[in-house]
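Start from chain A and add chains B, C and D according to the hints.
Protein chains: 4
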Amino acid sequence: MPLTPEQQSEIDAQRAQSNTTMRATVPGIEQHMYTAHPVLDHGFVRVIDYMGDDAAICQAARVSYGKGTKTITNDEGLIRYLMRHWHSTPFEMCEIKFHVKLPVFVARQWIRHRTANVNEYSARYSILDREFYIPAPEHINAQSEVNNQGRGDVLEGDEAAQVLEHLKADSSRCYDHYEEMISQDGQAGLARELARMNLPANVYTQWYWKVDLHNLFHFLRLRADTHAQFEIRVYAEEICRLVADWVPAAYGAFSDYRLGGANISQRGVEALRRMLQGEEVDAASAGMSAGEWREVCGVLG
Amino acid sequence: MPLTPEQQSEIDAQRAQSNTTMRATVPGIEQHMYTAHPVLDHGFVRVIDYMGDDAAICQAARVSYGKGTKTITNDEGLIRYLMRHWHSTPFEMCEIKFHVKLPVFVARQWIRHRTANVNEYSARYSILDREFYIPAPEHINAQSEVNNQGRGDVLEGDEAAQVLEHLKADSSRCYDHYEEMISQDGQAGLARELARMNLPANVYTQWYWKVDLHNLFHFLRLRADTHAQFEIRVYAEEICRLVADWVPAAYGAFSDYRLGGANISQRGVEALRRMLQGEEVDAASAGMSAGEWREVCGVLG
Amino acid sequence: MPLTPEQQSEIDAQRAQSNTTMRATVPGIEQHMYTAHPVLDHGFVRVIDYMGDDAAICQAARVSYGKGTKTITNDEGLIRYLMRHWHSTPFEMCEIKFHVKLPVFVARQWIRHRTANVNEYSARYSILDREFYIPAPEHINAQSEVNNQGRGDVLEGDEAAQVLEHLKADSSRCYDHYEEMISQDGQAGLARELARMNLPANVYTQWYWKVDLHNLFHFLRLRADTHAQFEIRVYAEEICRLVADWVPAAYGAFSDYRLGGANISQRGVEALRRMLQGEEVDAASAGMSAGEWREVCGVLG
Amino acid sequence: MPLTPEQQSEIDAQRAQSNTTMRATVPGIEQHMYTAHPVLDHGFVRVIDYMGDDAAICQAARVSYGKGTKTITNDEGLIRYLMRHWHSTPFEMCEIKFHVKLPVFVARQWIRHRTANVNEYSARYSILDREFYIPAPEHINAQSEVNNQGRGDVLEGDEAAQVLEHLKADSSRCYDHYEEMISQDGQAGLARELARMNLPANVYTQWYWKVDLHNLFHFLRLRADTHAQFEIRVYAEEICRLVADWVPAAYGAFSDYRLGGANISQRGVEALRRMLQGEEVDAASAGMSAGEWREVCGVLG
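Chains as they are written, first to last, in the numbering used here: chain A, 215 to 515; chain B, 215 to 515; chain C, 215 to 515; chain D, 215 to 515.
In isolation and in its complexed conformation, chain A is listed as follows (with noise of 0.2 Å):
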């Protein structure tokens, strides 16, 4: 994610900006803003702009004249009760905005969250970078045997070392015939939007991404999870880090509930109970068929 230097003065001249305002204002997060946080190997996540903080969201809960409530324990007790009883609209009155470089095919699983407000790098009008994702070896991974959309083991020797180098030379011969079509070197040039097409899905866009906390804790529960890929999950463990800043008391609430909780199904909290009892359940006696059972155990540890 090497920045320009045209790009790195843009940022700079964003950093050194201090205005004055009513708002509420957030140190914490103040200190990420514009700067850009690596993530893979070319890509990246600013925070280009916030609206509210903890106070905010039991503001809006009380629908109050002044801040939240009367003390900043009580803003937290407010905020968990919240979490835990699915009152989602208070936690809407917090948004977050994202300027996020990334490969085009975590793009495609990220837009999938659709309520969310998107602008992207647009490969009609624009000319793409010559930058691709290229694993590092350590995440080079076998199809899983278990998961059918999952990873396995890592890759090694002659094996790993072909695919990395498919995936280097195909995107860059890609990459040069993109190049050589859009030239108007001598010869007309072929359309943008005709010519993108050549690109591979490692190819980086870049947009802006705006969102609510409620949708954003959505988007991070199903994509800070281990069941995510694991290139779109380093980006949500990365928003994780900086919501942490922003609004600490929420995203303690959000870890603690959705995050690290569980759901477990009315079979399986029958099944609790009678274990609770001392009784031993078993997937046939729990009426669950031995992949749910498997996995209502490893929530139990």
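Fair warning: there could be bad hints in the mix.
Copies of the same chain look alike in the list, so a pair counts if it works inside one copy or between any two.
[What the hints assert, rightly or not] Listed next, the in silico DMTMM-like pairs over lysine to aspartate or glutamate satisfying Cα-Cα at most 25 Å (straight line):
#1 K281 with E359
#2 K382 with E244
#3 K284 with E359
#4 K284 with E506
#5 K284 with E452
#6 K382 with D372
#7 K284 with E334
#8 K281 with E509
#9 K281 with E373
#10 K284 with E373
#11 K284 with E220
It should be emphasised that the hints constitute simulated quantities derived from the structure, not laboratory data.
For chains B, C and D alone, coordinates are given in the frame of chain A:
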């Protein structure tokens, strides 16, 4: 809209804040922060927070590392271009949060705009105030004779007096009984969630309402329109004034292309072309109903 | 909910249709088509249309050229897997449309679910009927002493009688004045959009409400819950019965994983693991407030 | 778009269904059910299900117990009125579900329309077919010289041949390596979720896409427009033909008021009024930029 001393002092405390931020800040809207702008007899609109400015629209449209374009003039030109060609996503990059006090029948129309975030004062949890919308005499109109969902002339004399008398007396009596039913003085006291059903639709409620600029413009186009009911239109008009102070270039483009603009059908365009060539056109030769033709002629003066 | 003869004959005419279609068709829900299922004293729920069935969920999950999986058993297993792992999009592929008659204060809660399509009977355009929700004596409860937004014991004796008397008399008087104000008999007649503001929140309204199955389940989880207000819960419960006849496998999975399931926080999971190993745990050692611990103990029986 | 025999027989089996239903049914769209309508070189659009008809729009607008208005003529008049006055909610009461096969770069534009339900074929879980969009020679254009995001003249001679050669060879080579990397023949086999990143944006994907009629019209207005990229426009045009057979009155109104209509700004309306009074108007006296004035003149012929 007489605020209580406690409410006023909470507002004053909010306005006394002076925070330092790197975020885009707009003096034009800062001056309005937290202040209650009166609407109708007891209602108000207060700006609680905002995100972004005119430059932020351009910044997102260009997915830029710095601010928008190089100059304010360029920003304005780009914003007009985006508005004209229905590029709506850059306008979604600005967000504003209001605290609104409004009669329930207005709230019921307002809430139909789904792409916003809302926290309403809970009448299950809290007790509503004794505040009802009673129209000013000049806003008590007869049913329109030409528009089934509009108003005609202002009512006069005994009829107007009787209407006012009914609205006042019924509100007052219903509220007396609401209070009496929930009272725990010498009795159990009816649940608030039940008692509220006795209150008529002119009772005031309050909410926090947060919306992005694109969806706000959509709301304003429909609700600041002459076909909108007067009682919601005055809220929309107040918000128009606030938005003009927040994002003047975007508001200018909205005003030109949406508020003051016209949609003309294919048949209308064809009629227009013939008229510009000096032809006489009427409803029949334009292929329109009398009503539709009247609407077109209204646009063309 | 006495339908007028005209309404009944319109419903009968709709039910007499027998159309031929290649679309997925479900006899279990066809039997309910158009019929008014009574809810509360004057309300109802009617199924107007539906799209998809259990197989359609699997068909979409597999992006298939034909139906779902090969067998109904496989469909059910896949549906349970999708529900358990929060794969929500296949459930969005089913859609249902209802005609609902409901009191305004219930409509105000209901409309907060934004991801649905709604057409409400217009009181700007039309005249509302003289129909008000008056609770049955066994549903007139005191304010709860433990839950600020709930109900306690049933009211009795004079207090209950007084409540009923107020609700009936105020509704009736307000409606008399509504009729009187809009009357054009010897006077101009107040605009309907104004007159409606005199009607209390127990007046009935109607709407067409269309929603996909995923968002309907979300609505049902919140509104068929014991914390929901009784007057909306009875609608949710009636809809649950209809949905069970429409998509039995999906409803079964929803019932097991959502309606009857439990969400346990990270702290709760840790407490649970200790309890399963025979340890004694209380609120303090679980790191929870008394209220939260009580909720967890409620789940664990 | 050669379907495999298995795919064709699954489609035939679906089309052989003859179910009886009380639901609104439209012969015009029934004839298209399940059939793959070819688009581009390997793509298609298939209607999988639909809900509602022209009468259903009127039925919802009137919140009626029976069908729409009394006659088809009345239905059409009401539908034109609703479209003209931006009453969008009745159009949301119709819903349609498609199975679409399309190149990834088209899918990336399409998905930006957020108010729809989508299930895409999973390249984490499954293996993509060896199918790539290769434009026909008459659709290989140069970059436009007047529109930064459009196409100019068709490329010719060696330049065109070179473009085709690159697109074909790069697609083929990337797919060879994709297959080679995931192969488990004599090696572990790369995870599918990783291997897919080697495939260029002209590879075909598939999805189920379900949308209500109002939002479909919005999609069609933008994507059947001459400014849309050719490769998405052909999908939009195919869908237009299907919708015209499904809801002819609604499609007619959409065609007149949206597809063929024009939006004129306030400045444009003022210029128009002056022109109709015989005045000469130019860009400067209309207060417009040269580009904007050219657009207005284009509308006025």
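Here is how each hint holds up against the structure:
| no. | hint | verdict |
| --- | --- | --- |
| 1 | K281 with E359 | neither (53 Å within a copy, 27 Å between copies) |
| 2 | K382 with E244 | neither (38 Å within a copy, 49 Å between copies) |
| 3 | K284 with E359 | between (54 Å within a copy, 23 Å between copies) |
| 4 | K284 with E506 | between (45 Å within a copy, 22 Å between copies) |
| 5 | K284 with E452 | neither (32 Å within a copy, 31 Å between copies) |
| 6 | K382 with D372 | within (15 Å within a copy, 28 Å between copies) |
| 7 | K284 with E334 | between (41 Å within a copy, 20 Å between copies) |
| 8 | K281 with E509 | neither (43 Å within a copy, 29 Å between copies) |
| 9 | K281 with E373 | neither (59 Å within a copy, 39 Å between copies) |
| 10 | K284 with E373 | neither (62 Å within a copy, 37 Å between copies) |
| 11 | K284 with E220 | between (46 Å within a copy, 14 Å between copies) |
Hints 1, 2, 5, 8, 9, 10 from the list above are not met by this structure, while the remaining hints are.
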